[in-house]
Amino acid sequence: MHDRPTADELLRAVELLLDDQLVPALDGAAKYNARVAANVIRTVRRELQHEGRQLDAEWRGLDLVLGAEARPPGATPMRQKLHERNEELSERIRSGDADEGRFRELVLAHVRDTIHAKLEVSNPGWIDG
Amino acid sequence: MAADDELASRVGSFITSKTGASAVAISGLRRLTGGASRETWSLDSTITHADGHDETLPLILQRDVRGAPKELSRPMEFALMRAAFDAGVPAPEPMWMGDETIGAGESFFVRCVEGETLPRRLLREEVYAKARDAMPAQLGKALAQIHRIDPAKQGLAALPGPPASVPPAEYEVRRYEQIFRMIASEPHPAFELAFRWLAARVASQRNASRQRTLVHGDFRIGNVLFGAEGLRLVLDWELAHLGDPMEDLGFICVRSWRFGGPKPVGGIGEREPFFAAYEAAGGGKVDPERVHFWEVFGNLRWGIICLSQARTYLDGVSSSVELASIGRRAAETEWELLSLID
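Here the protein sequences line up with chains A and B, keeping their order.
By this note's numbering, the letter at position 39 of the first sequence is numbered 39, and the numbering carries on one by one without gaps.
With the second sequence counted from 1, adding 1000 to any position gets you this note's numbering.
The shape of chain A in the complex, shown without the other chains (with noise of 0.2 Å):
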């Protein structure tokens, strides 16, 4: 257990650095540099909030698709097999499996439920934009 600040605090003080002195104190190439910083930071702030819940939904997603798996313990295998999975099923959508049919309706609604996972975390004014 570390102490608190927790790792979403931390940032937040970053964030707030960034946006109300640094952005407002700099000029030019820098400070276009520090307000993509501070978007950076929001960026890794929403990840840290979804990810438990993105990655468990993206393995049911896939197990809905590919068939089920049993789930590694802990989240480097996690990420590791769902990379795995993920290029199972690129290979499938490559060779014509997903062109159309069950399967295609089977992979798009899955595919825009993972993409928009990514944009809840990268952009979420992106999705009803």
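Hints should not be assumed to be uniformly reliable.
Unchecked claim - Label-pair ranges, simulated between beta-carbon atoms:
{"no.": "1", "chain 1": "A", "residue 1": "Pro-124", "chain 2": "B", "residue 2": "His-1049", "range": "58 to 66 Å"}
{"no.": "2", "chain 1": "A", "residue 1": "Ile-127", "chain 2": "B", "residue 2": "Ser-1073", "range": "37 to 45 Å"}
{"no.": "3", "chain 1": "A", "residue 1": "Thr-43", "chain 2": "B", "residue 2": "Ala-1129", "range": "27 to 35 Å"}
{"no.": "4", "chain 1": "B", "residue 1": "Val-1113", "chain 2": "A", "residue 2": "Ile-127", "range": "35 to 43 Å"}
{"no.": "5", "chain 1": "B", "residue 1": "Met-1182", "chain 2": "A", "residue 2": "Gly-96", "range": "21 to 29 Å"}
{"no.": "6", "chain 1": "A", "residue 1": "Leu-16", "chain 2": "B", "residue 2": "Arg-1066", "range": "37 to 45 Å"}
Everything labelled a hint here was simulated from the structure, so no lab data went into it.
Every value quoted in this text rests on a predicted model; they were computed, and no experiment measured them.
Think of the CB as a built atom: it goes at the ideal place given N, C-alpha and C, for glycine as much as any other residue.
Let chain A serve as the given structure and place chain B on it in line with the hints.
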């Protein structure tokens, strides 16, 4: 600062030798943008001619770092802008190719034109209300003028493009698929679905898409200079190539280039009047289905460019926070692709 003074003095001597002026004074030299490979500077030159009269010539200098990778050689880009300017396209007026006194890499000077380039200003500020109305038709006309340039007659036949036996659509899709396979760190099922969609249509359009013209290659809001009255210049010619003219019409409709605006053409215009202005200016018949094909391709292409920009950070070539964060923008194009191909 001393380095800037040194550059100003070398630019002064260079312009003196190019114009045969009796004196050249350089003022206001400043760097506008600088990346790992290309720098843009603005400056004012006051040229005193042999007959004693003064001419003020505002200039833009573009200068490469030696050995920086690029799509077009600078002399080719210079020749291209010359052809466009002479054809009446609102393009930068090329002045001189630079030499080794200007920089270690290739460089050139163009005449500087006043104006704004920030898309969000165009979309949101009251002062550009008239420009928003006028620009879709102006962009259609400019594009028609670009596509009417005869590459063979203008010494532009060496521009990148597909071999004669390969249709442009097939060539571009294959080219970006190769880049994607080379650089992507993660699987992207949405891009795989888009490649399947494009491949099916490349096959059915093999004859329709054989036409090839000069293509600007990066034609979008964000790469134009504008004023209160509308379009002033079409900029950023370094991705020009030979291909299907419909590519440019589709690219400007990519959602990322609408900058939050509600309408499909650069956020500011509907497709039909844009197409009509293009046809009225002699741009040839617009095929909306092919434009749609290229809009899908444009989304995919921008998504792959996002991945490749992040790649320069991941590979340690650049430490830019902007390039790093652009990697996450690929998801925006994936989202758009899913609704375009469903």
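Right, here's what the structure says about each hint:
no.: 1; hint: A:Pro-124 with B:His-1049: 58 to 66 Å; result: holds, 59 Å
no.: 2; hint: A:Ile-127 with B:Ser-1073: 37 to 45 Å; result: holds, 42 Å
no.: 3; hint: A:Thr-43 with B:Ala-1129: 27 to 35 Å; result: holds, 34 Å
no.: 4; hint: B:Val-1113 with A:Ile-127: 35 to 43 Å; result: holds, 38 Å
no.: 5; hint: B:Met-1182 with A:Gly-96: 21 to 29 Å; result: holds, 23 Å
no.: 6; hint: A:Leu-16 with B:Arg-1066: 37 to 45 Å; result: holds, 42 Å
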